[in-house]
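Colleague: For reference, each letter of the sequence shown is one residue, going 1 to 205 in my numbering.
Calculated from the structure, these hints are not laboratory results.
Don't be surprised by glycine CBs; every beta carbon is placed ideally from N, CA and C.
Among the clues, some could well be false.
Simulated restraints on C-beta separations [said to hold, decoys possible]:
no.	residue 1	residue 2	range
1	D4	T172	40 to 48 Å
2	I3	D99	27 to 35 Å
3	G13	R92	14 to 22 Å
4	A160	S189	20 to 28 Å
5	G192	Q11	36 to 44 Å
6	G192	Q111	16 to 24 Å
7	T73	D179	13 to 21 Å
8	S91	G157	13 to 21 Å
9	R118	S91	19 to 27 Å
10	A41	A140	18 to 26 Å
11	S189	A144	17 to 25 Å
12	E133	S91	31 to 39 Å
13	L188	R44	31 to 39 Å
14	Q72	R119	32 to 40 Å
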Amino acid sequence: MSIDAAVRAIQRGDVIAIPTDTVYGLACDPANGAAVSRIYAIKRRPDRLELTILTASAADIEEDVDLTPMVQTLAAAYWPGALSIVCNLRSRRWAVPRDGTTLSVRVPDHQIALELLRRTGPLATTSANRHGEPTADTAAGVAAALGSEVDLVVDGGPSAGLASTIIDCTTTTPRVLRDGPISATALLSLLGGFSATTNGGARSQ
């Protein structure tokens with residue numbers, strides 16, 4: 001499926017599945033409340049679990065979240081890559097987050113995803129699977145799991161199959177919320193010895 005078709009689908013308010021460097025994800029325009037609600041319905045995702053924003057660059061979200069020095073340090077080292085960073089909100093131009101005041105953001109290390117994001121702007125995302133079921137690392141896996149509920153599936157070949165590491169930078173002491181391809185040890189070393197508490201993660205992608 002072409003990038004042009006994916007861009008048109010996002011502009012129509014559709015929910016599509018896209019490849020990333022970690023797992024395949026459901027994606028939509030984050031300003032489209034109906035599309036955001038459809039992602040929750042397709043995934044059967046509890047309302048309390050917020051979506052992640054994928055973006056082509058930190059510059060595209062600097063008006064939306066607080067890119068503190070800690071966030072900028074992590075982004076410079078690991079973006080594009082498999083690190084989702086939870087930041088404090090600066091504005092509410094999108095339909096996500098629904099209730100909270102923080103937002104998980106990431107720049108994926110995947111050529112197709114980045115090309116799409118450069119053309120659409122940031123997208124609201126979560127892994128392309130039913131909540132609680134295994135993530136999909138191929139387009140065929142997405143189709144098998146979600147079928148016709150997804151408007152379009154962009155086939156970018158197999159993804160790594162391991163969801164991103166999530167770190168919460170909304171407090172003075174960062175917390176690793178989910179282990180992933182980037183270790184907590186590496187993150188703490190980069191941040192100069194800040195302690196982090198590993199706790200079961202809540203967000204996908």
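Colleague: Starting from the hint 31 to 39 Å, judge whether the C-beta atoms of E133 and S91 obey it.
Modeller: Cβ of E133 to Cβ of S91: about 34 Å, so the range 31 to 39 Å holds.
Colleague: CB of G192 to CB of Q111, is that within 16 to 24 Å?
Modeller: The hinted range 16 to 24 Å is violated for G192 and Q111, with Cβ atoms some 33 Å apart.
Colleague: Honestly, do D4 and T172 meet the 40 to 48 Å range at C-beta?
Modeller: Distance hint for D4, T172 holds at roughly 45 Å.
Colleague: Does the Cβ distance between S189 and A144 fall inside 17 to 25 Å?
Modeller: violated (40 Å)
Colleague: Between the beta carbons of L188 and R44, is the distance compatible with 31 to 39 Å?
Modeller: With Cβ atoms ~35 Å apart, the hint holds.
Colleague: Does the Cβ pair S91, G157 satisfy 13 to 21 Å?
Modeller: Once the Cβ atoms are compared, 35 Å apart, the range 13 to 21 Å for G157 and S91 is violated.
Colleague: Taking 13 to 21 Å as the hint, is the beta-carbon distance of T73 and D179 inside that range?
Modeller: For D179 against T73, whose Cβ atoms are near 20 Å apart, the range 13 to 21 Å holds.
Colleague: Looking only at beta-carbon atoms, does the pair R118, S91 fall within the given range of 19 to 27 Å?
Modeller: holds (21 Å)
Colleague: Between the beta carbons of A41 and A140, is the distance compatible with 18 to 26 Å?
Modeller: For A41 and A140 the Cβ distance comes to about 22 Å; the hint holds.
Colleague: Do the Cβ positions of I3 and D99 conform to the proposed distance bound of 27 to 35 Å?
Modeller: holds (33 Å)
Colleague: Between G192 and Q11, does the beta-carbon spacing fit 36 to 44 Å?
Modeller: holds (43 Å)
Colleague: Given a hint of 14 to 22 Å, does the C-beta separation of G13 and R92 actually sit inside it?
Modeller: Given a distance of about 19 Å, which is inside 14 to 22 Å, the answer is holds.
Going down the numbered hints, you'll see the structure goes against 6, 8, 11 and 14, while the others check out.
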